[in-house]
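There are 2 protein chains.
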Amino acid sequence: MLGRVRTAVAQLVGGPGPAPAAQPPRDSPAPPRGPPAGGGFSRPAFLQLSAEELRRAGDHAGRAVQSPRETRRRLPWSTGYAEVINAGKSQHNEDQACCEVVLVDRRCSPRCNPAPKGCTGEAEGGRGGLCFHYWGLFDGHAGSGAAVMASKLLHLHISDQLRDLVDILQDSSPPPLCLPSDSRVLPAERNRAPLAEADAELPNDALPRFHLEKAVSCESLVIGAIENAFKRMDEQIEREQTTRLVAGGCCVLAVVYLLGKVYVANAGDSRAIIIRNGEIIPMSREFTPETERQRLQVLGFLRPELLGNEFTHLEFPRRIQHKELGKKMLYRDQNMNGWAYKRIEEDDLKFPLIYGEGKKARVMATIGVTRGLGDHDLKVYNSNIYIKPFLSCVPEVRVYDLTQYEHCPDDVLVLATDGLWDVTSDREVADVVTEVLMGYEPNDPCRYTMAACELVVRSRGVLKERGWRLANDKLGSGDDISVFVIPLGGPGNYT
Amino acid sequence: MLGRVRTAVAQLVGGPGPAPAAQPPRDSPAPPRGPPAGGGFSRPAFLQLSAEELRRAGDHAGRAVQSPRETRRRLPWSTGYAEVINAGKSQHNEDQACCEVVLVDRRCSPRCNPAPKGCTGEAEGGRGGLCFHYWGLFDGHAGSGAAVMASKLLHLHISDQLRDLVDILQDSSPPPLCLPSDSRVLPAERNRAPLAEADAELPNDALPRFHLEKAVSCESLVIGAIENAFKRMDEQIEREQTTRLVAGGCCVLAVVYLLGKVYVANAGDSRAIIIRNGEIIPMSREFTPETERQRLQVLGFLRPELLGNEFTHLEFPRRIQHKELGKKMLYRDQNMNGWAYKRIEEDDLKFPLIYGEGKKARVMATIGVTRGLGDHDLKVYNSNIYIKPFLSCVPEVRVYDLTQYEHCPDDVLVLATDGLWDVTSDREVADVVTEVLMGYEPNDPCRYTMAACELVVRSRGVLKERGWRLANDKLGSGDDISVFVIPLGGPGNYT
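Protein chains in written order, with numbering that gives the first Met the number 0: chain A, 0 to 494; chain B, 0 to 494.
No lab work stands behind these hints: they were computed from the structure. Take these hints with a grain of salt, some might be off.
With a Cα cut of at most 25 Å, we get these calculated DSS-like pairs of lysine-lysine [unchecked claim]:
{"id": "1", "chain 1": "A", "residue 1": "Lys-359", "chain 2": "B", "residue 2": "Lys-213"}
{"id": "2", "chain 1": "A", "residue 1": "Lys-322", "chain 2": "B", "residue 2": "Lys-358"}
{"id": "3", "chain 1": "B", "residue 1": "Lys-88", "chain 2": "B", "residue 2": "Lys-341"}
{"id": "4", "chain 1": "B", "residue 1": "Lys-213", "chain 2": "A", "residue 2": "Lys-213"}
{"id": "5", "chain 1": "B", "residue 1": "Lys-213", "chain 2": "A", "residue 2": "Lys-349"}
{"id": "6", "chain 1": "A", "residue 1": "Lys-349", "chain 2": "A", "residue 2": "Lys-322"}
{"id": "7", "chain 1": "A", "residue 1": "Lys-387", "chain 2": "A", "residue 2": "Lys-358"}
{"id": "8", "chain 1": "B", "residue 1": "Lys-349", "chain 2": "B", "residue 2": "Lys-88"}
{"id": "9", "chain 1": "A", "residue 1": "Lys-88", "chain 2": "A", "residue 2": "Lys-341"}
{"id": "10", "chain 1": "B", "residue 1": "Lys-341", "chain 2": "A", "residue 2": "Lys-230"}
{"id": "11", "chain 1": "B", "residue 1": "Lys-322", "chain 2": "B", "residue 2": "Lys-88"}
{"id": "12", "chain 1": "B", "residue 1": "Lys-322", "chain 2": "B", "residue 2": "Lys-358"}
{"id": "13", "chain 1": "B", "residue 1": "Lys-341", "chain 2": "A", "residue 2": "Lys-213"}
{"id": "14", "chain 1": "A", "residue 1": "Lys-358", "chain 2": "B", "residue 2": "Lys-213"}
{"id": "15", "chain 1": "B", "residue 1": "Lys-378", "chain 2": "A", "residue 2": "Lys-341"}
{"id": "16", "chain 1": "B", "residue 1": "Lys-322", "chain 2": "A", "residue 2": "Lys-213"}
{"id": "17", "chain 1": "B", "residue 1": "Lys-359", "chain 2": "A", "residue 2": "Lys-213"}
{"id": "18", "chain 1": "B", "residue 1": "Lys-463", "chain 2": "A", "residue 2": "Lys-213"}
{"id": "19", "chain 1": "A", "residue 1": "Lys-378", "chain 2": "A", "residue 2": "Lys-358"}
{"id": "20", "chain 1": "A", "residue 1": "Lys-349", "chain 2": "A", "residue 2": "Lys-88"}
{"id": "21", "chain 1": "B", "residue 1": "Lys-463", "chain 2": "B", "residue 2": "Lys-473"}
Covered stretches of chain B (in silico footprint by chain A; criterion: 3 or more residues with CB under 8 Å from a CB of chain A, positions within the stretch not fixed) [what the hints assert, rightly or not]:
{"id": "22", "segment": "165-177"}
{"id": "23", "segment": "323-332"}
{"id": "24", "segment": "384-396"}
Here are the simulated distance ranges between beta carbons [claimed, not checked]:
{"id": "25", "chain 1": "B", "residue 1": "Ala-364", "chain 2": "A", "residue 2": "Asn-381", "range": "22 to 32 Å"}
{"id": "26", "chain 1": "B", "residue 1": "Glu-69", "chain 2": "A", "residue 2": "Lys-349", "range": "39 to 49 Å"}
{"id": "27", "chain 1": "B", "residue 1": "Lys-260", "chain 2": "A", "residue 2": "Gly-466", "range": "51 to 61 Å"}
{"id": "28", "chain 1": "B", "residue 1": "Asn-334", "chain 2": "A", "residue 2": "Asn-381", "range": "44 to 54 Å"}
{"id": "29", "chain 1": "A", "residue 1": "Lys-260", "chain 2": "B", "residue 2": "Asn-308", "range": "39 to 49 Å"}
{"id": "30", "chain 1": "A", "residue 1": "Tyr-404", "chain 2": "B", "residue 2": "Asp-472", "range": "34 to 44 Å"}
{"id": "31", "chain 1": "B", "residue 1": "Lys-358", "chain 2": "A", "residue 2": "Tyr-404", "range": "33 to 43 Å"}
{"id": "32", "chain 1": "A", "residue 1": "Tyr-404", "chain 2": "B", "residue 2": "Arg-342", "range": "33 to 43 Å"}
{"id": "33", "chain 1": "A", "residue 1": "Asn-471", "chain 2": "B", "residue 2": "Gly-357", "range": "52 to 62 Å"}
{"id": "34", "chain 1": "A", "residue 1": "Asn-471", "chain 2": "B", "residue 2": "Glu-356", "range": "45 to 55 Å"}
{"id": "35", "chain 1": "B", "residue 1": "Arg-342", "chain 2": "A", "residue 2": "Pro-173", "range": "45 to 55 Å"}
{"id": "36", "chain 1": "A", "residue 1": "Leu-474", "chain 2": "B", "residue 2": "Gly-357", "range": "18 to 28 Å"}
For each residue, glycine too, the CB sits at the ideal point set by N, CA and C.
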């Protein structure tokens with residue numbers, strides 16, 4: 000099943016130019032070719048940056064905002080996009096982005112194209128295929144390798160996971176609980192699928208019924224497909240990381256539009272909000288040591304060997320000093336939401352698994368996000384303790400039904416990495432978007448990119464004597480910033 | 000610290016009469032005296048039932064509704080209460096209830112009295128004590144022992160946990176993170192508490208500050224105290240269960256009113272709602288195999304030995320038959336919210352850890368609730384697999400600030416066991432309560448008991464030829480039903 004993804008990996012090269020059509024042997028793993036470091040580093044293909052533009056985009060001093068040129072190919076649905084590099088905290092812009100329309104075909108390889116003709120996101124009955132629209136933001140850390148790789152491949156993994164579901168999702172009846180062993184279900188076979196071959200000749204109403212059967216919706220299947228695609232992507236990065244060519248990890252915020260519904264999958268601290276008639280609808284939550292405290296503590300409690308005798312799964316409000324042994328200190332264990340006092344014992348002097356507050360909260364004093372892809376080789380400094388078992392690659396998927404509401408051209412879905420949200424609130428984002436969109440005709444396709452640019456500029460700020468400053472003179476975001484502004488009036492209204 | 004609770008255990012006898020003042024040796028466990036089975040079974044003390052009334056309350060055929068008599072002592076805040084026994088599913092009414100005003104005194108044993116004079120729930124400065132109001136519902140299963148024991152003791156464990164906090168909660172400054180080793184903090188010592196003795200002579204503003212300190216609220220301390228009280232209660236039941244005298248387990252819904260806030264602690268499938276100006280505010284959620292699927296699956300995944308080679312941590316929408324090996328079946332693992340297909344392997348033929356839907360959902364085919372007290376000896380039928388590791392004794396605590404809203408006499412907090420909620424919706428409960436209360440003067444203290452009785456009668460139904468039937472002829476609840484209706488206008492308005 001991974002053959003197609005392997006092919007794509009093999010075709011991965013750093014730059015935005017055409018990829019050589021490498022063909023790995025069918026039954027052996029693909030040659031481990033992650034994007035080469037350094038010179039091979041790229042920005043999203045849809046930006047179509049020239050070498051000179053690429054150089055300029057990487058200038059930490061100028062921090063020029065990048066967005067798709069109006070004179071070039073337009074993104075699906077006239078999606079707006081803008082990005083800016085960090086103020087120097089890492090050599091590269093470690094954010095990556097992807098925007099694709101993907102045709103899932105159960106007969107042959109997925110074809111992937113920014114905007115294939117005639118593909119509106121609805122099923123294409125005659126050909127048996129299924130189209131989905133896809134937007135992804137990837138916020139890398141400790142290197143750009145994992146983010147680059149995931150930005151090139153995650154949608155192919157999603158496509159792979161959806162391949163078995165092409166017919167099932169397009170059928171009006173509920174998904175069969177069980178499929179025959181060849182995994183292909185033709186519509187006529189559907190009602191018989193849960194039954195053993197021996198029963199196949201009985202008339203439908205005489206079939207024995209299982210006492211307990213849980214109904215599963217098509218929506219749940221798409222959620223499951225996205226969740227498993229993240230897992231497969233993470234496993235692939237793990238395989239590549241053994242060769243040391245794919246560095247670091249990345250948070251992922253991915254959006255799939257399929258059969259009328261928008262699926263927002265988040266693993267990390269990026270954020271998605273819908274702005275509808277001025278109202279803000281949160282479409283994700285952040286996964287950090289604080290929000291995932293209990294999941295992490297439970298794992299440390301049940302598998303203490305993962306803490307390497309260096310950390311305690313208990314949470315304390317500050318570090319304990321040796322001379323405080325015997326005193327009583329506030330603590331929380333893995334099944335508490337409140338706090339209580341406990342007498343300090345020797346074991347409590349270990350470093351807390353979760354420590355710090357807000358942006359400074361860390362797992363094992365090392366990492367500030369708790370979901371994402373990669374990081375397989377990440378260890379606690381100066382130790383052999385791996386962080387990865389505490390990180391989850393599984394996204395939380397929220398669903399928004401586009402058909403339940405008549406959207407106007409000003410209704411948008413905003414996706415952005417934490418570089419934006421660290422300095423700009425949901426309300427400020429909504430106000431800026433609304434303000435910019437009002438300045439353009441509703442049918443002007445460039446208005447969404449203008450909104451994205453304005454969001455990036457306002458969050459980056461302006462370079463003054465004391466660094467990048469916002470309009471209110473507070474510090475601007477020194478992080479990489481990437482933003483999609485996706486109009487919800489489409490599909491149909493926009494292409 | 001448990002000495003006082005041990006004394007109370009020793010004093011426990013089945014009936015509502017005065018208890019002998021047994022005194023266990025100070026440093027040895029209390030004599031294991033759970034309430035004797037059979038004749039010693041009792042109903043809540045505040046009902047003050049005579050022997051004849053007790054017999055009548057246990058009549059499964061008549062199912063007479065029990066409530067506090069107006070001619071007897073009134074419950075605090077004029078709380079309304081009513082209960083009815085099941086239609087024959089168990090010998091006893093396995094629900095229990097408790098309503099107390101508890102004085103937490105840091106100097107001596109907690110004194111416990113249904114309505115001590117002059118105790119309004121506010122701190123009593125001069126004496127250094129702290130008062131809390133308490134209501135508890137206990138829905139037993141597989142015997143009444145755990146429910147009876149918890150109903151007599153849980154509030155004493157809460158009191159014990161609050162004992163260290165008497166001064167801290169009454170002080171306006173935030174709680175100290177660290178206490179001196181004798182655990183007594185006098186107000187004057189408060190600011191110095193987090194510091195080592197060596198620093199104690201420095202002036203306050205010259206003290207070294209810890210780089211990172213998390214602020215913890217008084218509210219969190221009360222939540223932590225309630226959580227830990229549940230754990231201590233569960234440990235005590237475990238000790239008692241080794242003697243086989245305390246049978247079964249129980250769901251617990253407990254409410255603590257302390258210093259202006261209502262803390263609703265739920266462990267099980269009872270439910271609490273606030274009805275305020277006709278609006279419904281949920282104050283709890285149910286803990287069942289379905290709502291706690293992922294917590295249970297994670298435990299089964301991380302500690303597979305707990306599944307005894309009989310169960311799989313994967314969820315399937317129905318049982319798999321042996322002849323389906325090799326086919327693809329829908330499944331969910333511990334980190335999925337969606338569903339996907341997997342090829343059926345030998346291991347998947349094991350029974351699913353979580354199985355069934357709604358009221359029929361079970362953990363290991365055995366139990367339908369996933370939080371509560373007791374059940375330490377509960378095993379999977381015909382096996383040596385214990386259920387207890389999968390059950391949690393820790394409640395979820397929600398807080399409602401009574402001072403944030405001006406409550407009218409019709410605003411109430413309704414607590415009830417699942418016998419009520421199985422047949423009556425939140426909305427119906429709110430409508431019945433509002434309707435009954437309107438029939439009485441706002442200052443008539445019996446109106447809350449009338450509302451509780453009406454809720455019980457409507458959920459039990461009327462005995463007809465085809466069993467207990469509701470007004471709409473649907474089946475009434477055959478379960479034990481217990482209901483508190485607590486007016487929120489108090490304290491002060493009611494005593």
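The hints, checked one at a time:
{"no.": "1", "hint": "A/Lys-359 - B/Lys-213", "in the structure": "holds, 12 Å"}
{"no.": "2", "hint": "A/Lys-322 - B/Lys-358", "in the structure": "violated, 53 Å"}
{"no.": "3", "hint": "B/Lys-88 - B/Lys-341", "in the structure": "violated, 40 Å"}
{"no.": "4", "hint": "B/Lys-213 - A/Lys-213", "in the structure": "violated, 45 Å"}
{"no.": "5", "hint": "B/Lys-213 - A/Lys-349", "in the structure": "holds, 18 Å"}
{"no.": "6", "hint": "A/Lys-349 - A/Lys-322", "in the structure": "holds, 14 Å"}
{"no.": "7", "hint": "A/Lys-387 - A/Lys-358", "in the structure": "holds, 20 Å"}
{"no.": "8", "hint": "B/Lys-349 - B/Lys-88", "in the structure": "violated, 31 Å"}
{"no.": "9", "hint": "A/Lys-88 - A/Lys-341", "in the structure": "violated, 40 Å"}
{"no.": "10", "hint": "B/Lys-341 - A/Lys-230", "in the structure": "holds, 14 Å"}
{"no.": "11", "hint": "B/Lys-322 - B/Lys-88", "in the structure": "violated, 38 Å"}
{"no.": "12", "hint": "B/Lys-322 - B/Lys-358", "in the structure": "violated, 29 Å"}
{"no.": "13", "hint": "B/Lys-341 - A/Lys-213", "in the structure": "holds, 16 Å"}
{"no.": "14", "hint": "A/Lys-358 - B/Lys-213", "in the structure": "holds, 13 Å"}
{"no.": "15", "hint": "B/Lys-378 - A/Lys-341", "in the structure": "violated, 33 Å"}
{"no.": "16", "hint": "B/Lys-322 - A/Lys-213", "in the structure": "holds, 20 Å"}
{"no.": "17", "hint": "B/Lys-359 - A/Lys-213", "in the structure": "holds, 12 Å"}
{"no.": "18", "hint": "B/Lys-463 - A/Lys-213", "in the structure": "violated, 34 Å"}
{"no.": "19", "hint": "A/Lys-378 - A/Lys-358", "in the structure": "holds, 20 Å"}
{"no.": "20", "hint": "A/Lys-349 - A/Lys-88", "in the structure": "violated, 31 Å"}
{"no.": "21", "hint": "B/Lys-463 - B/Lys-473", "in the structure": "holds, 11 Å"}
{"no.": "22", "hint": "165-177", "in the structure": "holds (count 3)"}
{"no.": "23", "hint": "323-332", "in the structure": "holds (count 7)"}
{"no.": "24", "hint": "384-396", "in the structure": "holds (count 4)"}
{"no.": "25", "hint": "B/Ala-364 - A/Asn-381: 22 to 32 Å", "in the structure": "violated, 49 Å"}
{"no.": "26", "hint": "B/Glu-69 - A/Lys-349: 39 to 49 Å", "in the structure": "violated, 59 Å"}
{"no.": "27", "hint": "B/Lys-260 - A/Gly-466: 51 to 61 Å", "in the structure": "violated, 44 Å"}
{"no.": "28", "hint": "B/Asn-334 - A/Asn-381: 44 to 54 Å", "in the structure": "violated, 31 Å"}
{"no.": "29", "hint": "A/Lys-260 - B/Asn-308: 39 to 49 Å", "in the structure": "holds, 41 Å"}
{"no.": "30", "hint": "A/Tyr-404 - B/Asp-472: 34 to 44 Å", "in the structure": "holds, 40 Å"}
{"no.": "31", "hint": "B/Lys-358 - A/Tyr-404: 33 to 43 Å", "in the structure": "holds, 35 Å"}
{"no.": "32", "hint": "A/Tyr-404 - B/Arg-342: 33 to 43 Å", "in the structure": "holds, 40 Å"}
{"no.": "33", "hint": "A/Asn-471 - B/Gly-357: 52 to 62 Å", "in the structure": "holds, 53 Å"}
{"no.": "34", "hint": "A/Asn-471 - B/Glu-356: 45 to 55 Å", "in the structure": "holds, 54 Å"}
{"no.": "35", "hint": "B/Arg-342 - A/Pro-173: 45 to 55 Å", "in the structure": "violated, 21 Å"}
{"no.": "36", "hint": "A/Leu-474 - B/Gly-357: 18 to 28 Å", "in the structure": "violated, 53 Å"}
The structure does not agree with the numbered hints 2, 3, 4, 8, 9, 11, 12, 15, 18, 20, 25, 26, 27, 28, 35 and 36 stated previously, though it agrees with the rest.
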